[in-house]
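Engineer: Residue strings, one per chain:
There are 2 protein chains.
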Amino acid sequence: MNESIKKVAVIGTGVIGNGWIARFLSQGYEVTAFDPAAGAEERTRLAVNHAWPSLEERGLAANASKDRLFFKDDLAEAVSGADYIQENVPEREELKKSVLHTIDQHARMDALIGSSTSGIKPSILQSDMIHPERFFVAHPFNPVYLLPLVEVVGGEQTNKKALEQAGRFFSSIDMKPLTIHKEIDGHVADRLMEALWREALHLVNDGIATTEEVDKAIIYGAGLRWAQMGPFLTFHLAGGEQGMRHMLEQFGPALKLPWTKLKAPELTEELKERVISGCEEYAGDQSVSDLEAKRNEFLVKLLALVEEYWPEESQAKANI
Amino acid sequence: MNESIKKVAVIGTGVIGNGWIARFLSQGYEVTAFDPAAGAEERTRLAVNHAWPSLEERGLAANASKDRLFFKDDLAEAVSGADYIQENVPEREELKKSVLHTIDQHARMDALIGSSTSGIKPSILQSDMIHPERFFVAHPFNPVYLLPLVEVVGGEQTNKKALEQAGRFFSSIDMKPLTIHKEIDGHVADRLMEALWREALHLVNDGIATTEEVDKAIIYGAGLRWAQMGPFLTFHLAGGEQGMRHMLEQFGPALKLPWTKLKAPELTEELKERVISGCEEYAGDQSVSDLEAKRNEFLVKLLALVEEYWPEESQAKANI
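As you go down the protein sequences, you meet chains A and B in turn. So the number in the numbering used here is just where the residue sits in the first sequence, counting from 1, plus 785. So the number in the numbering used here is just where the residue sits in the second sequence, counting from 1, plus 785.
No wet-lab data here; the hints were simulated from the structure. Where hints are given, some of them may not hold.
Note that identical chains are pooled: a pair holds if it fits in a single copy or bridges any two copies.
Claimed, not checked - Keeping only pairs whose Cα atoms sit at most 25 angstroms apart, straight-line, the calculated DSS-like set for lysine-lysine is:
1. K945 - K882
2. K1041 - K967
3. K791 - K1041
4. K882 - K1041
5. K1086 - K906
6. K792 - K967
7. K1041 - K1086
8. K792 - K1041
9. K967 - K1086
10. K791 - K945
11. K945 - K1041
Note that the structure is a prediction, hence the values are computed from the model and not measured.
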């Protein structure tokens, strides 16, 4: 394996691919990119421009430059010189397998390959590769250039050293890699989000709450806490001095209650429209770009705050 | 109904009751309290002392004083002079109904009565009351003295004006009241948290992730965003310029996938111990009090940050 990653290739430049590009550039990497869609390069350069002020505030690496991005007309050419390749094509199994097959053929033998797939298991994606040992899932979260989490998941054929190297690489670019020990549909973070999301859709579908009310029910309660502590440690604190032990005694029985729906709702046209219009009305005259700019300013400050207060900082054993 | 709330009674002084007391005192109210447990007053005064520095930083009301708390030996005496009564006894339906029945008999006719119940429907709790029209659920979130969310839920017999008055009262004490339009087990926020919590328990139970890993999967991803935007607006932004519309096209199909477990796991002794020891090990040598102090410092700063950036500030139509 190639321990010294200097050049990065990003294949597929939608919202996620562009987020990776902005992060890699800000960390001083040279990036080659490929996306067959018309106007892809223009959209990417615009996205990098939008992300840049937040990245400057977080702190740029010595060699960081927006000019070190090179779009290629050919997938093989884009990956041939790269030490690390990040695949972000649409979430369709056959498409991803086909693109990864091509990447595998043209990448250097010692290059690492990560996929941004949010749900497909790595063993499936690597099944047609000639060199599957250097492939893994590297699942990031939007906005990729600011949010630190990346789930790293190896498949049956993945070399353990490739996962370790990936972990070191992601740590070096200001991320928090979470290595998932068993493959599972949806990995970990999206399963958690999906559970909440399904219940949120039910509440909206049943007319219990609007999308805005659901959002407020999260923001002003759990959301404020989960930015610093996750659900487990939050409940640990809610249990008083006895912590989680008391919490489970008190609220364990609630697991038997019908407090959540057990099946996702049918995504009918009516429900889709209700969800879409709920968000659009709530956003008001603020475009997604407006909201993003505000979110970015907020996240930069919040990240500094979390870094200052997150309890792991005072723990020697913290390993993420 | 009594539009001018000056005196407040808090019945049941566990973690939640004490949180209410600290908030009411910091907002300049005189508080009478009742709890039959030995040592209750001492524990409450200690809890108020712990909360006070954060409340000072948030800003105390003109008349705010820790000395305006008066414990009573008798439930009837505690509630007889109050304009607003908050019930926080343990989450057992018969116990709550019995206590509320006594409160109802001894409270002034125009006093409002709220219950902190996290899951029981108000129609059930008010069913034995002589004056049920002034009763509602007022479900807060831990720590009650800092987190702004309070779910306000009326039952079949609740007067609409009582709910409106409650909303104004909670807004006046630095809270974000969310009036839920239909009664449902677990209200709204806890249903959302419970869905994520159940999936988290499955992941731990199945050996996919530890409690610490689950927490990190939330903190460094969704948690950082949900403190400012809830799940809906977050996904709206993840969809790019087309927002939620694109998001549902792209990830709607995932609702059909087995990305969450559809039933809560059996809370076996083994699972309980795994969850408890996971939290305790993670907390390391930091006691719950240590973690609370750190959390409070963090929350004070985070709340200021959210208030600065939350998009509703720029919307005229925002109504929470």
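Engineer: Hint by hint, note whether the structure agrees.
Structural biologist: Hint check results:
| no. | hint | result |
| --- | --- | --- |
| 1 | K945 - K882 | within (21 angstroms within a copy, 58 angstroms between copies) |
| 2 | K1041 - K967 | between (28 angstroms within a copy, 22 angstroms between copies) |
| 3 | K791 - K1041 | neither (52 angstroms within a copy, 40 angstroms between copies) |
| 4 | K882 - K1041 | between (41 angstroms within a copy, 21 angstroms between copies) |
| 5 | K1086 - K906 | neither (35 angstroms within a copy, 39 angstroms between copies) |
| 6 | K792 - K967 | neither (29 angstroms within a copy, 56 angstroms between copies) |
| 7 | K1041 - K1086 | neither (40 angstroms within a copy, 37 angstroms between copies) |
| 8 | K792 - K1041 | neither (52 angstroms within a copy, 38 angstroms between copies) |
| 9 | K967 - K1086 | neither (34 angstroms within a copy, 37 angstroms between copies) |
| 10 | K791 - K945 | within (21 angstroms within a copy, 65 angstroms between copies) |
| 11 | K945 - K1041 | neither (40 angstroms within a copy, 32 angstroms between copies) |
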